[in-house]
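In case it helps, UniProt numbering puts the sequence shown at residues 1 to 118.
For the record, the hints were derived by calculation from the structure and aren't laboratory data. Do not take every clue at face value.
Per label pair, the in silico range of CB-to-CB distance [stated by the list, open to error]:
# : residue 1 : residue 2 : range
1 : 44        : 98        : 49 to 55 Å
2 : 84        : 15        : 17 to 23 Å
3 : 10        : 107       : 42 to 48 Å
4 : 19        : 85        : 19 to 25 Å
5 : 45        : 79        : 26 to 32 Å
6 : 103       : 47        : 52 to 58 Å
7 : 44        : 100       : 54 to 60 Å
8 : 39        : 74        : 19 to 25 Å
9 : 78        : 108       : 45 to 51 Å
Just so it is clear, CB atoms sit at the ideal spot from N, CA and C, and this is done for glycine as well.
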Amino acid sequence: MVDDRLSRVFSALADPIRRDVVARLASGDATVNELAEPYPVTVQAVSKHLRVLEEAGLVTRGRQAQRRPVHLEAEVFDLMTKWIERYRREAEQRYQRLDAVLAELAEPEQTRAEGEVP
Numbered sequence: 001m002v003d004d005r006l007s008r009v010f011s012a013l014a015d016p017i018r019r020d021v022v023a024r025l026a027s028g029d030a031t032v033n034e035l036a037e038p039y040p041v042t043v044q045a046v047s048k049h050l051r052v053l054e055e056a057g058l059v060t061r062g063r064q065a066q067r068r069p070v071h072l073e074a075e076v077f078d079l080m081t082k083w084i085e086r087y088r089r090e091a092e093q094r095y096q097r098l099d100a101v102l103a104e105l106a107e108p109e110q111t112r113a114e115g116e117v118p
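Take these sequences, add in the hints, and give me the full structure.
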C-alpha cells in the first residue's frame, strides 16, 4: 500500500541524522564508515539509522569488492513529491477562492469611495 510506504518514508526522515545522511548521499554513494565520520555516535548506531532508511526504501546497500556503498534511491522522492504536490494544489485553490471572496467584499468599498466627492 502506498500510504504505508509513505508513512515509513516520513517516519524515517523524522530523525535529523537520517535526514543529514540522505542529504549527504544525494551527492554520491558512501560507505557506512564514511557516513559515520561526522557524527558523535558509533558506526553501529549509523548502521541502525541506515537500516531504517533501507526499510523505508530510501537507500540500498551494494557490494563492490570489499566496499559496501550505500546508495540513495531517488525514486522514493517522486512518491513524496506527488503526495506533497497534491495537498499544495488543494491549499493553493483554497487561497484562490479566499482571494476571490476578499475581492468581492472590497468592491462595495471601492464603489462607495469612487462615488464620494471630496
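Hints versus structure:
As the Cβ distance of residue 44 to residue 98 is approximately 51 Å, the hint placing it in 49 to 55 Å holds. For residue 84 paired with residue 15, a C-beta distance near 19 Å keeps the hint of 17 to 23 Å intact. Restraint check, residue 10 to residue 107: a C-beta distance of roughly 43 Å satisfies the suggested window 42 to 48 Å. The hinted range of 19 to 25 Å is satisfied by residue 19 and residue 85, whose Cβ atoms lie roughly 20 Å apart.
A C-beta distance of roughly 27 Å is found between residue 45 and residue 79, which places it inside the suggested range of 26 to 32 Å. A hinted range of 52 to 58 Å holds for the C-beta pair residue 103 and residue 47, which are about 57 Å apart. The hint said 54 to 60 Å for the Cβ distance between residue 44 and residue 100, and at roughly 57 Å that hint holds. Distance hint check: the CB atoms of residue 39 and residue 74 are about 23 Å apart, consistent with the given range 19 to 25 Å.
Judged by the Cβ atoms, the range 45 to 51 Å given for residue 78 and residue 108 holds: they are separated by roughly 47 Å.
Of the numbered hints stated above, none is contradicted by the structure.
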